[in-house]
Amino acid sequence: MSDRTAAGAEVKASNSPRSRRNSWWSISKINWRGLFSIACFFLAWGGAVAFELPGFAEIPGPWEVLLTFVNDFLFTKKYWQSWGVSFKRVIWGFVLAQILGIPLGLFLGTSRLFNGLVFPVFEIMRPIPPLAWVPLSILFWPTNEASIIFITFIGAFFIITINIYDGVRSIKQEHIWLARSLGASRVRIFRRVMLPAVVPTIAVGMTLGIAVTWNVVIAAEMIASDSGLGRLTWEGYVSSTPTVVVVGMISIGIAGYLSTLIVDNVERRMMPWRKS
Amino acid sequence: MSNSVGALVGDNICKTYHIKGQAPVQALKNCSFEFDPEKLNVVMGTSGCGKSTLALILAGYVRADQDSVTIDGSPVTGSGSDRLMVFQETALWPWMTVQDNVIFGPLSRGESRAKAIEASDELLERFGLGDFKTKYPSQLSGGMMRRAELAQALVNSPKVMILDEPFRGLDVMTRELMQEYYLKLFEDTGMSTVFITAELEEAIFLADRIYVMSDAPGRIVEIIDIDLPRPRKISCTATKRYAELEQEVLAALYAGQSEDVSE
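From first to last, the protein sequence lines stand for chains A and B.
Counted the way the numbering used here counts, the first sequence spans residues 1 to 276.
Counted the way the numbering used here counts, the second sequence spans residues 1001 to 1263.
Fair warning: there could be bad hints in the mix.
[Said to hold, decoys possible] Derived pair list, reagent style DSSO-like, types lysine-lysine, alpha-carbon separation capped at 27 Å:
#1 Lys1233(B) to Lys1184(B)
#2 Lys1135(B) to Lys1184(B)
#3 Lys1115(B) to Lys1133(B)
#4 Lys1039(B) to Lys1240(B)
#5 Lys1039(B) to Lys1184(B)
#6 Lys172(A) to Lys1233(B)
#7 Lys172(A) to Lys1184(B)
#8 Lys1159(B) to Lys1240(B)
#9 Lys1115(B) to Lys1135(B)
#10 Lys1135(B) to Lys172(A)
#11 Lys1240(B) to Lys172(A)
#12 Lys1159(B) to Lys1115(B)
Since the hints were made in silico from the structure, they are not lab data.
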């Protein structure tokens, strides 16, 4: 292939509709492709309901859901209180799981004695799904709220602990050796080498933890509470109003997404040294 | 005041690793040496011969089966800032800036922050990293990271520098640059060095003396003086003497490979 043809082919390629479309779409900061795909999703959903495809007989369409939302939820105190209640439970459970889980993970990873005593019990309890704790939690805790927060805590706690534990065990020996050679005390090594070394695993634990916490809080609310977004969704089901169910689901999705954004932001600040 | 110059002496060092579920691995057996202070001592051997184990024992991170290493007459029982090691993979702490990495040593020993920064700045300038002291290691190239590590070690004025295949993994050009760089550093400071490598050319180019190791279990089987003139230039690799030395070292390496291990 002669140079001229190759160059010509290149010029042609850059003027082709595909690349032109790409460059246009990347100009603006808005994710046009994302918006387009979401719009398609709603169209498909609406279409499936309108054309009564199999299974969609009882399912409400997007327009119905939007109307129900605007009329019965958007301006009601109860709806936004549900948001507040669920968020509160998520934050409590999540933060408590960090406060208890991080030190536990660090101890399990650094002290052989502690590990020998505690890890077997920990490992036996870890596979128990958080929701299986609900009946016991209700019996144990004096208030309903406490028992729900306990469930969300359990959800995140094991994940966070096991992540930190793993992180401690994966610290490069050389990092510790170097610090020791340079004369650092044990405390200094812990503060300036071990802790920062496990920050990435704390971040991973947080990302996984927040997802699990939302999972768990919704289910716990369905089973054991009279408030929150999970309860709202459940009430829609038992009262045979599927529009409410979908409103609940979308609300939960948005709430979860917002939480993830916040956690991501926190993580980025925790690790300024990461290559962006 | 002791005549502390960084003379490392090893007396029949043995080291066997016991790993759960596997047969014990004998890395070193009857390894003896006397590393001259203020010289660039190179330990050369093929992969797996125990060179890294030897380096770790010298640095004090691993203990030999019996305590058999002394530095200027005192036994080596653990790590210390008199023997600093540069590992095969960078050990710079990724969450600290270059400057924080370098001042860590002085700060750990109680020096004031101002003094530590002053010393660190001077070294980093000399090493051409003055503009990078607020950067993180992930923002540096391979060669720059190695230089930062040298600064991190040298700011503590160690008696001995132990380098375990420090330029492995660098591209050819960077590697040659780093070799020349370290040579100049050594020739300027006279820092006692134990340099581990598996590269023949690197060994001869840098060394005052090459200690050839046998295959595992490793021991020093031959000591070859490299009498090429200092300061070393790349041009010395084209001389007749260089070629002779190459043959000598190769012969010693091969002899070490066919050693009867059942001694």
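Out of the numbered hints, which ones does the structure contradict?
6, 7, 8 and 11
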